[in-house]
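K.L.:
Those protein sequence lines, which keep their order, are chains A and B. Just add 204 to the spot in the first sequence (first one is 1) and you have the working numbering. Just add 772 to the spot in the second sequence (first one is 1) and you have the working numbering.
Hints in this document: simulated from the structure, not taken from any laboratory. All C-beta atoms in this analysis are idealised placements derived from N, C-alpha and C, irrespective of residue type, glycine included. Keep in mind that the hints are not guaranteed to be accurate.
Here are the computed lysine-lysine pairs in the PhoX-like style, where the Cα-Cα straight-line distance is at most 20 angstroms [as the list claims (entries may be wrong)]:
(1) A:Lys242 with A:Lys269
(2) A:Lys792 with B:Lys790
(3) A:Lys412 with A:Lys388
(4) A:Lys780 with B:Lys790
(5) A:Lys794 with B:Lys909
Chain A is nowhere near these chain B residues, computed Cβ spacing over 12 angstroms in every case [said to hold, decoys possible]:
(6) Lys790
(7) Met796
(8) Asn819
(9) Thr825
(10) Ala852
(11) Ser867
(12) Asn874
(13) Tyr881
(14) Tyr888
(15) Ser917
(16) Met921
Each chain is listed here by its residues.
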Amino acid sequence: MARSQNDTISERRLRPIYDWLDNGNNKKALQEAEKVLKKQPNFQCCRALKGLALLRLGKEDEALKILDGILTECPVDEGALNAMTLSYRELKMPEKICTLYENATKHEPENEEFLSHLFMSYVRLGNLKKQQTTAMSLYKVKMKNPYYFWSVMSIVLQAVEGDEKLGQAVTLPLAQKMVEKMEKEGKMEQEQETIIYLLILELRNNWKGALDLLNGPLGKKLENSASYHLICLNKRIELEGKLENWSEVARLSRNMLLQQPDSWDIINNYIQAVIKLQEADSTNGGEAKEEGPYSMKLNKVDRSVEEAESLMTCLSAGFPGLRGPFLAKLEICYRTLEGRSSLLQDLIMEYIDLFGGKPVCFSDIKKYLKVIPVEERNNFILRLRSRYPDTTSVPSNTAQIYREICLSGIERFLGQHLNLSTERVDSMVSGLCDRYVASQPLVQHIVTTELRPSDGYLILAGQLLWERWIATKEKRFFLQACSMLQIGLIGSPSNWQLMLLLVRFLGRAGAGQLCDSVCGPLDIKNMMLDTLSWVLTRPLAATGYVDKLHRIYCQMTRFYLHSPKETTEHIIQAYKHGNLSQICDMSKLKRRLQTTYLVPNVYTEKILIDLNFLAKSLDEMIEDAEFANLKPIDWKSLADNRDFRTIQSFEPEETSVPDEMIATNFQLEQAFVRVRRATLSALVTCLKLGGHTEPSGGGDKGAREQALKDLKESEEALSTWLDKSKSLLGEEKVLDMPQAPYRSEMNSLVDGEHLAGVLHCVKLVQTIMLTATQEKPGVSGADFEPLMKVLDNLKAATATTTSPDWTVVCDLLESNKHAVESFSFFTIFTFSILSLLRTGKGMKKGKKAVLGAKFSHLEPAYKDLTANIQDLGAALHQQLQAIYKTL
Amino acid sequence: DPLTEMYGLSFYLQYLAKWPEYFMVAESPSGTLMGYIMGKSEGQHENWHGHVTAVTVGPQHRRLGLANKLMKGMEDLSDAKNCYFVDLFVRVSNSIAISFYNKLGYTVYRTVLQYYSGEQDEDAYDMRKALTLDVNKKSVIPLPSPVHMEDLDY
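Next up, chain A with everything else stripped away, as it sits in the complex (with noise of 0.2 angstroms):
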């Protein structure tokens, strides 16, 4: 009774705290809490809250201490607890959360709750096994169903993460095994259980087992379901399609279009099965064929391309207007090609009748215009000219506009574009922009956050107009191109095709400051940073704009950090609500935004962008240098999820990207991430040295042992990079086209030698530094001189960086920021060189420095090597200088 008041009069005391906390005033919050720690100084539960408070109030040091302090008690009080797990989880230290709950757990291995909590904090870590073998001890505390399938999917995830062999030889067998059980003692309860369970034997590759499943008693439950019925029913035809039964597929596949025409996967796998039971009955012989008219009563097996083709022709008649049953037609006759290209041609002829007049119609028929014979594409569109004509009537409804640019688009795509003349070029662009003109008063009315179907005709003129541009330089086809997108987007601002066509020639021509403003209305965020922020980042990063590019760099950064940590506390409520399904595809994502290359990439140049740019002072770059998290990167896992699709194309295969074009550009820009991080590496070991070295060799000596670690493995990377991207860039094929990637940044900074004085520096301050204990011959002048080389070139190369040709701006600009960059590398290179020369400790501000006695023959290199910088600076200046007056 007594211990139950004091409760009472605790809770009593810690609510105004909740309250303050709630309210966010954590000031009257910690107040609160330490006005009852004055009465009771052990309170846990309010210890805990205090530490929530400073934590809040940015006094991370000392919350941490206190929850630190509780967590070695071993809490089991609830309160303490929750706020603790909360302190933990923002400061961003999950691992904490698990101790916690395992002490809590070891004090009361029966408490549900405990163990739930650490379930979740396992999930929160990604620590599969233990997550098993705790959803294990619950259901052993609890026999509830969901605790026992969180250790099932637990087990799957490990099978689907992990090694592949393993996972098909133990871990699967086992899952399969656990759900096995539970269906022999009727303890299937809720239907996601029953998925997970077919999971698991499609991940075997039981197709047999799976559809038994689905056509046993637990299958048929989960069809009757509200949520589940489609998803059954479309699993049966895979399944049997897996197994080869083709008159099944072809049945079932029929049973469905009958309702759904319009369905492709299943118009897919109902062509599939048609053709696979044809070719097999004729090699047995054949089937007789039924006679008459083609009969739609269900359950029917077609077992003929022409069966196929009747049924497509009767659904279309009975659902008008749907594209499911015409393109199943193109498809059917795609697959079974031979001797029917006329047949094809006649198809897409119809289609174009029939839905041309949609915005999707060029899509839908690309693939079936890729098969056309080129021998026999002219014909083609000769037929296709004089069904419309090409003339210069102006279009009475949008429709029409749809259709006149869909056909412009097919002749593009089938090569007509390709070698026009100038005067070809400029006849087409003013034909195109006439249409455009006279078509305005249709599209008038649209409201501005539609699209104008008249834009088509710009997009079609600025591809026609960027060929010319960088074919003949001349700098009207870019301008022409420039003003009429901008009078596009007048009016039609939302449209991003217009904006990315735009920016795209703006970025080419080195003006990175009006692609940020047109960039502005995409608003590019969330999951578009990984995807397209390559279009916008690129040209911002040629042209040295770093204050907008740091800000997005700190925006991805802030992306990539936090939504796997989101993603996974959705994971959690997904093992909450049962709905184990979905985890697999969360911890894809999840995985997919952790190995987007852009995460090392976005924070490597961030940092870079910091010392080189931002920073106002030797002191604030050595913070930098102190603050910069240079994690171990896991280099053969990383992935490319930038998007090249979305800039819409009607190129030709002459012109197209190809796969293979964007992963050779994809390992130049991991060689650029992995010589940038191997750059930045080695200047932040500099600056540390620099900002904390004792002269001569004197100083900590693990911490010099690190250093030169750290910079020889900055030098091996650099010079295997180096190499590397040398032949990469031999191979490199750049289509210079709107929507293909950007020519690798690599070529700017191997042209300029960038990359080889970085590489000469850090050579020379391990040989300094190895010197300064005599592990080495001693350092000479003539160590300086492959950098003086360098420094030479660099500023050679200066002299020559202006042009009246605007498509080799941009490049010209991008070797400028690199030559600036250099500069600056080359600047903290030297001040770490001469913290490593100098005699006396630290390096007062005003005071003359003083060679150490072992170094003072270097005196003349040294001055020789800061009077060339400075020199560079000076070329640098002036060159710049020129520039601005040139633009």
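With chain A held as given, fit chain B onto it using these hints.
P.N.:
Showing chain B alone in chain A's frame:
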């Protein structure tokens, strides 16, 4: 498309974790995403209903009846789950969407004041369509006066 609310990752994941069956996407034959719909079911007794949180179709794939199909899928699912009605919120200025929902049988049930926050706050219409279970269509009888956001249960 500025009228399509761009949600953060978390928002989508929350729906996937809680109401995965209410998330449907339409993919084109070439594998691009044509459109999606997401929603949930909530409420009690005669307020047990399906809610459309977002429905959108990419500009390339408009005029194909795709949104109708997505909405129909959502309604069928809610019907099968014994919901009384389906509802959704729409900006009062989004006349195209409003007339689209009207055509599908949705009517304005109430106005929610300042539902959308932004540079200029905007009101929302709560539009509803009765399902099979609501025989007398009680759930869609319009409220006489607008409500404030704070007074919304859902």
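K.L.:
Work down the list of hints and note, for each, if the structure agrees.
P.N.:
Hints, one by one, checked against the model:
1. A:Lys242 with A:Lys269: The hint holds at about 18 angstroms.
2. A:Lys792 with B:Lys790: holds (18 angstroms)
3. A:Lys412 with A:Lys388: holds (19 angstroms)
4. A:Lys780 with B:Lys790: holds (9 angstroms)
5. A:Lys794 with B:Lys909: violated (44 angstroms)
6. Lys790: violated (5 angstroms)
7. Met796: violated (9 angstroms)
8. Asn819: B:Asn819 is indeed farther than 12 angstroms from all Cβ atoms of chain A, at 19 angstroms.
9. Thr825: holds (15 angstroms)
10. Ala852: Incorrect as stated: the minimum Cβ-Cβ distance to chain A is 3 angstroms, not above 12 angstroms.
11. Ser867: B:Ser867 is in fact no farther than 12 angstroms from some Cβ atom of chain A, at 8 angstroms.
12. Asn874: Per Cβ check, B:Asn874 is outside 12 angstroms of chain A; nearest 17 angstroms; holds.
13. Tyr881: holds (24 angstroms)
14. Tyr888: holds (14 angstroms)
15. Ser917: Nearest chain A Cβ is 29 angstroms from B:Ser917, so the label holds.
16. Met921: At about 20 angstroms from chain A, B:Met921 clears the 12 angstroms cut-off, so the statement holds.
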